[in-house]
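Residue numbers (this note's numbering), protein chains in the order written: chain A, 1 to 113; chain B, 114 to 225.
The hints are simulated quantities; they were obtained by calculation from the structure and are not laboratory data. Ideal Cβ positions, reconstructed from N, Cα and C, are used throughout, including at glycine. Treat the hints with care, as some may be off.
What the hints assert, rightly or not - Below 25 Å or equal to it, Euclidean Cα-Cα: the simulated BS3-like pairs (lysine-lysine) are:
1) B:K155 with A:K3
2) B:K155 with B:K184
3) B:K155 with B:K181
4) B:K181 with A:K3
5) B:K155 with A:K13
6) A:K71 with A:K3
7) A:K57 with A:K70
8) A:K70 with A:K18
9) A:K71 with A:K18
What the hints assert, rightly or not - Stretch by stretch, here's where chain A covers chain B in the computed footprint (C-beta under 8 Å, at least three residues):
10) 134-145
11) 155-168
12) 195-206
Said to hold, decoys possible - Calculated Cβ distances over 12 Å to all of chain B for the following chain A residues:
13) E17
14) L45
15) V52
16) K57
17) E62
18) Y64
19) I99
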Amino acid sequence: DVKVTQSSRYLVKRTGEKVFLECVQDMDHENMFWYRQDPGLGLRLIYFSYDVKMKEKGDIPEGYSVSREKKERFSLILESASTNQTSMYLCASTSSGRIYEQYFGPGTRLTVT
Amino acid sequence: GENVEQHPSTLSVQEGDSAVIKCTYSDSASNYFPWYKQELGKRPQLIIDIRSNVGEKKDQRIAVTLNKTAKHFSLHITETQPEDSAVYFCAAPSGSARQLTFGSGTQLTVLP
């Protein structure tokens with residue numbers, strides 16, 4: 001069974017703080033993704049990585065950065081959190097050639113006050 | 114890049130009735146179309162997908178149809194049950210086909 005875990009289920013941060021969200025997968029997947037989920041907007045891709053130290057911008061990368069130092073771990077960084085980054089953040093992973101079959105983590109509900 | 118539109122945003126049906134959710138896509142090169150189900154408080158999970166070389170695929174009470182000419186695909190759920198209540202997302206490959214673009218989601222409520 002594929003397992004994708006995220007470091008926190010709930011997080012409350014103040015405006016201007018640096019925030020780290022971590023994602024770990026145990027299936028040796030090459031590809032990892034960070035999405036944010038907002039009501040009525042679906043799942044929007046922030047960044048993805050198809051290999052260690054490789055990253056590509058998704059549809060809404062502004063205000064975010066990522067790090068992938070090890071294959072199993074993909075981190076999302078909010079350099080200076082703002083209230084409009086309050087959202088549900090979902091990590092996902094998949095193997096190359098099966099991009100359609102993404103395995104999601106449980107999500108982190110981030111509130112920025 | 115790919116643009117995926119999904120309708121309706123909310124759908125209520127009586128238990129036992131059918132439900133249909135529709136999506137359109139913009140990139141004619143897209144060749145596979147997955148559907149995900151997200152139950153309340155849980156993570157999205159793949160429930161079915163269709164490739165561009167077939168027009169329809171069934172798995173028990175769910176089916177997907179694809180019209181490549183019109184660039185739209187649909188999810189059909191028959192004999193709906195309360196456990197079908199969830200948010201459903203369609204998706205299509207985008208960019209270098211290394212990523213998916215998701216639709217905005219449909220909240221399906223099955224009324225007892």
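inquiry  = Verify this for me: three or more residues of the stretch 134-145 of chain B with a beta carbon less than 8 Å from a beta carbon of chain A.
reply    = This one is violated; 1 residues, fewer than the three required, reach chain A with a Cβ under 8 Å.
request  = Mind verifying the non-interface call on I99 of chain A? Its CB should be farther than 12 Å from each CB in chain B.
outcome  = At about 6 Å from chain B, I99 of chain A fails to clear the 12 Å cut-off, so the statement is violated.
inquiry  = How does the stretch 195-206 of chain B fare against chain A when you require at least three residues with a CB closer than 8 Å, holds or violated?
reply    = Holds, because 3 residues of the stretch 195-206 of chain B bring their Cβ atoms closer than 8 Å to Cβ atoms of chain A.
ask   = Is K70 of chain A within 25 Å of K18 of chain A, Cα to Cα?
value = holds (21 Å)
query = Is the nearest CB of chain B more than 12 Å from the CB of E17 of chain A?
reply = Check passes; 26 Å lies beyond 12 Å.
ask   = Per the coverage rule (Cβ-Cβ under 8 Å, at least three residues), is the stretch 155-168 of chain B covered by chain A?
value = holds (count 6)
Straight-line alpha-carbon gap K71 of chain A to K18 of chain A, limit 25 Å = It holds: about 23 Å lies between the C-alpha atoms, which stays within 25 Å.
task = Assess, step by step, whether the Cα of K155 of chain B is no farther than 25 Å from the Cα of K13 of chain A, and give holds or violated.
result = Judged against 25 Å, a Cα distance of about 23 Å means the pair holds.
key: Check on K57 of chain A being off the interface with chain B, judged by Cβ distance over 12 Å   = violated (10 Å)
query = Beyond 12 Å from every Cβ of chain B: is that where the Cβ of V52 of chain A lies?
reply = Per Cβ check, V52 of chain A is outside 12 Å of chain B; nearest 15 Å; holds.
task = Measure nothing beyond the straight line between the CA atoms of K155 of chain B and K184 of chain B; if it is 25 Å or shorter, mark the hint as holding.
result = Given that 25 Å is the threshold and the Cα spacing comes to 30 Å, the pair is violated.
request  = Verify that the Cβ of Y64 of chain A lies farther than 12 Å from every Cβ atom of chain B, and report whether the claim holds or is violated.
outcome  = At about 15 Å from chain B, Y64 of chain A clears the 12 Å cut-off, so the statement holds.
Of the numbered hints listed earlier, those contradicted by the structure are 2, 3, 4, 10, 14, 16, 19.
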